[in-house]
Amino acid sequence: MALCEAEKTFVLHGVEENFRIDGREREDYRPMELETDIVSHAFGSARLRLANTDVLVAVKIEVDTPFPERPFEGKLEFFVDCSANATPDFEGRGGEGVAIEISNTLSAAYSSPNVFDLKKLCILKGKKCWKVYVDILLLECGGNLFDAVSLAVKAALWNTQVPLVKQIDIDGNNVEIKVSEELYDCRKLDVEKAPILVTVCKIGEHCIVDPNVAEEQCSVGSVVVAVSEDKFSTILQTGTGSLHMSTLVDCLQLGIKVAQRLDAALWDTLTLECYTCSTTEDESDTTCLDNPSGVVGGVTDCDKKYCIIVRVDYKDPRGKLASILRSCVDKPTYTNDVIEDETHRVYYRSCRTAKCNGGSGRSDSTSDDNGSLGDKSTIYCPGIGDGAVAVTVSFSILLFAYAFVRYVR
Amino acid sequence: MPVDHKRINGPEETVPYSLFTKLNTKSLQQQFKEQVRDEKRSDNRLLLEHRKIFIKTGLVSQAKGSAYIEQGKTKVIVSVFDPREIPNRTDYSLKGEIYCEFKFATFSCTKRRLHQQDTEEKQYSALMKQALDSTVCRHEFPNFQVDIYAFVLHNDGSALSAAITAAGVALAHAGVPMYDLIVSATLGIQQNIKLLDPSVTEQWLCEMPVPLDGKVGNQGVIVMSMLQSHEQISQFYQVGNLSLEDITDSIKILENACKELIPLIQKHLVKHVLKTMKNKSEDK
Amino acid sequence: MKRGLFFNIDKSVRLQQINIISCVTMKELRDEPPICLPGQRLCLSDKIYTSGQGTYERRGYIYSQLAGYVDIVERDGVKVVEVHTSGEQTVVPTQGDIVTAQVYIITQQHCKCFIKCVGDAVLRRPFRAILRREDIRATEKDKADIYKSFRPGDIILARVLPITEAHTYQLSTAENELGVVIAHSEHGHPMVPISWTEMQCSKTYIKECRKVAKVVPENVDQETLKKRKKSE
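Protein chains in written order, with the UniProt record's numbering: chain A, 1 to 409; chain B, 1 to 284; chain C, 1 to 232.
Simulated from the structure, these hints should not be mistaken for lab results.
If you're wondering where the values come from, they're calculated on a predicted model, not measured in any experiment.
Heads up, the beta-carbon is just placed ideally off N, CA and C, and yes, glycines get one too.
Incorrect hints may appear among the rest.
To be verified - Label pairs and their calculated CB-CB ranges:
1) B/LYS40 to A/SER40: 57 to 65 angstroms
2) B/LEU19 to A/LYS131: 14 to 22 angstroms
3) B/LYS52 to A/HIS13: 45 to 53 angstroms
Stated by the list, open to error - Calculated lysine-lysine pairs in the DSS-like style (CA-CA distance at most 25 angstroms, straight line):
4) B/LYS56 to A/LYS120
5) B/LYS194 to B/LYS56
6) A/LYS8 to B/LYS111
7) B/LYS271 to A/LYS119
8) A/LYS119 to B/LYS26
9) B/LYS95 to A/LYS125
10) B/LYS271 to A/LYS128
With the hints as extra help, turn the sequences into a complete structure.
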């Protein structure tokens with residue numbers, strides 16, 4: 001897309017007014033959709049759509065020999081495939097430059113052991129290790145590739161299941177490893193500290209995040225930061241212009257701030273925290289019923305899809321509690337239902353956002369303070385896979401991450 | 001790993017013997033302590049002391065401009081060629097292009113390098129291009145490409161910085177219009193120890209966390225290139241794990257380092273101009 | 001003229017310590033022109049001084065683009081600040097330049113050439129250029145034939161046409177002084193021009209068709225050339 005001077009001025013003025021061409025403010029992201037586990041042949045996969053940018057990431061794992069100079073470490077490699085479908089510019093070798101830039105930046109960002117520990121991929125010192133191939137396919141380019149790719153990579157790595165090694169037989173130089181035959185007997189990669197890349201673009205006198213294609217063209221220079229927790233793992237200046245020192249520091253500040261928010265949003269979407277506790281009528285301690293957040297160890301970082309409440313009440317005396325269970329499951333027996341038999345009334349409640357099973361269980365809305373469609377609300381979207389759900393996470397700066405997490409398994 | 005079939009390559013799986021020597025059994029902590037002891041480094045430099053630089057221009061006679069730089073033991077040759085038409089391009093580009101190729105000589109590092117560019121060299125080429133894109137007045141030669149080749153003869157750390165500094169000198173020598181002189185410096189960080197212009201071992205040790213006094217902390221390497229008179233940063237690259245404060249401190253250190261390098265380069269270029277002018281007047 | 005604004009560069013003094021300083025008179029400028037380096041601030045850009053070749057303007061000041069020496073040229077009452085390199089200047093053909101080119105491919109519609117020299121500067125790398133059939137002659141353009149005008153290997157003088165969106169240079173020989181200068185016959189012997197459309201082999205005396213240039217001797221200056229043109 002080529003912009004004329006007038007269009008560029010229009011974009012620039014928008015940035016100055018803090019009202020960008022698509023109505024966003026300078027620090028806003030465009031809506032995102034994230035799906036995980038969508039490639040059945042891969043060990044882990046994710047697809048991220050950030051407005052018009054579409055990225056598919058698949059993770060493959062193979063057994064390899066470690067580098068002789070690093071016998072304790074496994075390997076991690078990034079490949080970026082720029083499909084000509086994304087933009088005709090990628091035809092032939094056109095996308096090579098972009099591909100190398102992205103994969104190099106990702107390898108640099110993941111290189112520090114503080115960020116991603118390759119030692120955990122080692123099977124047997126100097127002999128066998130896991131090699132993780134992260135294949136990134138750009139399906140559509142709508143600006144801000146770095147950010148989108150890094151989010152998708154983190155989600156795909158989070159989704160990755162590493163087979164469990166049961167047994168290692170060493171016979172001279174031959175090493176045989178036996179992998180657990182149980183399909184779900186897998187280990188997850190530790191990606192909590194995995195970096196998030198944020199592109200901070202300088203347009204005019206201001207810095208913006210998540211530039212679209214038009215804004216990328218107006219920018220003279222930008223800074224790509226890879227942030228892991230509160231540290232930078234990589235900083236790379238891109239674009240053809242130079243930056244003043246103070247601008248660079250401003251960009252870094254903005255970058256780390258946004259990256260942390262983005263990381264938190266992604267983590268919220270990927271993991272599901274639920275209250276897990278139970279109580280019955282015989283027990284005198286009713287914290288689980290009245291105030292589940294007060295239960296010691298009552299919050300679990302579930303690797304499941306739903307937080308649930310199962311509440312059993314007596315019919316007579318009406319409303320007297322028999323038992324209550326707060327937990328998490330992959331597939332609830334009933335999503336939201338009330339089942340009655342002769343003596344009991346059983347409330348089944350399930351929801352998909354963090355700590356949403358804190359309510360009494362009686363009302364339809366699982367968490368009492370989550371009645372309205374505001375923050376952390378649950379919207380059921382029929383038709384997208386098996387029990388798919390849209391989660392809206394919003395921050396003080398209106399950073400939206402619409403994540404449609406679909407589970408195929 | 002791409003292999004050039006037109007060359008005779010060494011056996012695919014060879015390993016430098018040094019990996020098996022006793023030197024290699026030392027722990028990282030020990031190695032680091034050997035490099036930095038009592039605020040002094042193994043070559044008797046202070047922590048924030050840059051190595052001495054030697055620059056010479058006009059070594060490559062067939063190139064339009066060239067520069068050779070020695071920074072401690074690091075030796076780099078950079079040559080700049082006349083603008084030529086951008087190959088494989090049909091559309092009109094308003095601004096000229098810069099093509100950079102960064103290459104380590106096969107014998108320049110402890111481990112043998114291949115003839116073809118590997119990913120590290122490609123990354124360095126991209127960083128060099130990034131540094132020079134904003135330095136050269138590209139509107140002065142629309143539709144043309146200036147080729148810059150950097151060849152590292154000996155890598156003793158900070159090779160990219162040396163190459164960028166030399167490229168700036170070579171461009172000035174070639175008479176390519178530039179907005180400013182460019183200088184570049186590298187900083188290695190390991191916890192609270194900052195090492196300016198690290199040697200190859202120091203750079204390697206800063207690329208990974210080394211436990212010092214029982215704790216592991218911030219570490220990283222920063223390469224920064226500056227346009228001095230406009231106070232602009234044309235290239236910034238960091239790897240490792242650093243906090244914002246570390247980086248802002250580092251930027252200041254690198255800025256001062258660049259400021260100290262500039263007079264050297266200016267002096268050299270003035271000498272060069274005087275010499276060529278003298279030669280010219282003698283020719284007349 | 002005491003309004004000096006240039007850096008007077010002492011050869012041994014560190015350049016950085018010098019600010020906008022010492023006065024340089026025009027006479028000093030002629031005798032010992034100040035040396036400057038890329039990015040060096042030369043002077044204020046105002047009504048008197050404007051930025052010329054080898055310099056650029058930023059925030060009201062004129063800066064140098066090259067490592068070389070400063071020169072001031074007065075044009076229409078404005079002093080143009082220029083910087084020239086001490087070494088060879090990078091020469092690139094521009095619109096209107098007379099270039100020396102070698103023909104290497106001919107087709108019905110156009111011939112392709114390599115530009116070897118621009119004016120009297122020899123290029124280190126040749127540039128590709130194209131000469132279309134309709135640009136061979138000034139008159140009766142449609143009657144011109146490529147193969148009757150040029151052959152591969154001919155050395156021609158041509159003028160660079162305005163640069164268009166197309167990627168290669170376009171040349172024109174539609175002037176009396178432009179066209180083939182050096183040519184060899186089919187047998188490889190040098191040829192001499194006998195008319196403005198024909199050349200003759202110096203060995204075999206075979207005549208071949210060419211668009212011959214009327215070569216102007218170097219010592220003829222423009223004035224006499226104009227006079228001669230008028231008299232013709």
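To see whether the hints hold, each was checked on the structure:
Taken as a hint, the range 57 to 65 angstroms holds for the pair B/LYS40 and A/SER40, whose Cβ atoms sit roughly 59 angstroms apart. As the Cβ distance of B/LEU19 to A/LYS131 is approximately 20 angstroms, the hint placing it in 14 to 22 angstroms holds. Between B/LYS52 and A/HIS13 the beta carbon distance is about 51 angstroms. The supplied range of 45 to 53 angstroms therefore holds. Straight-line distance between C-alpha atoms of B/LYS56 and A/LYS120 comes to about 48 angstroms, which puts the hinted pair past the 25 angstroms bound.
Restraint check for B/LYS194 and B/LYS56: the C-alpha separation of about 29 angstroms exceeds 25 angstroms, so the hint is violated. The suggested pairing of A/LYS8 with B/LYS111 is violated, with an alpha-carbon distance near 49 angstroms, which exceeds 25 angstroms. This hinted pair does not check out: B/LYS271 and A/LYS119 have alpha carbons roughly 54 angstroms apart, beyond 25 angstroms. A hinted pair counts as satisfied when its Cα atoms are at most 25 angstroms apart, and A/LYS119 with B/LYS26 qualifies at roughly 19 angstroms.
Among the hinted pairs, B/LYS95 with A/LYS125 is inconsistent with the structure: their alpha-carbon atoms are about 53 angstroms apart, more than 25 angstroms. Under the criterion of a C-alpha separation no larger than 25 angstroms, the hint pairing B/LYS271 with A/LYS128 is inconsistent with the structure, at around 58 angstroms.
Comparing the model with each earlier hint shows violations of hints 4, 5, 6, 7, 9 and 10; every other hint is respected.
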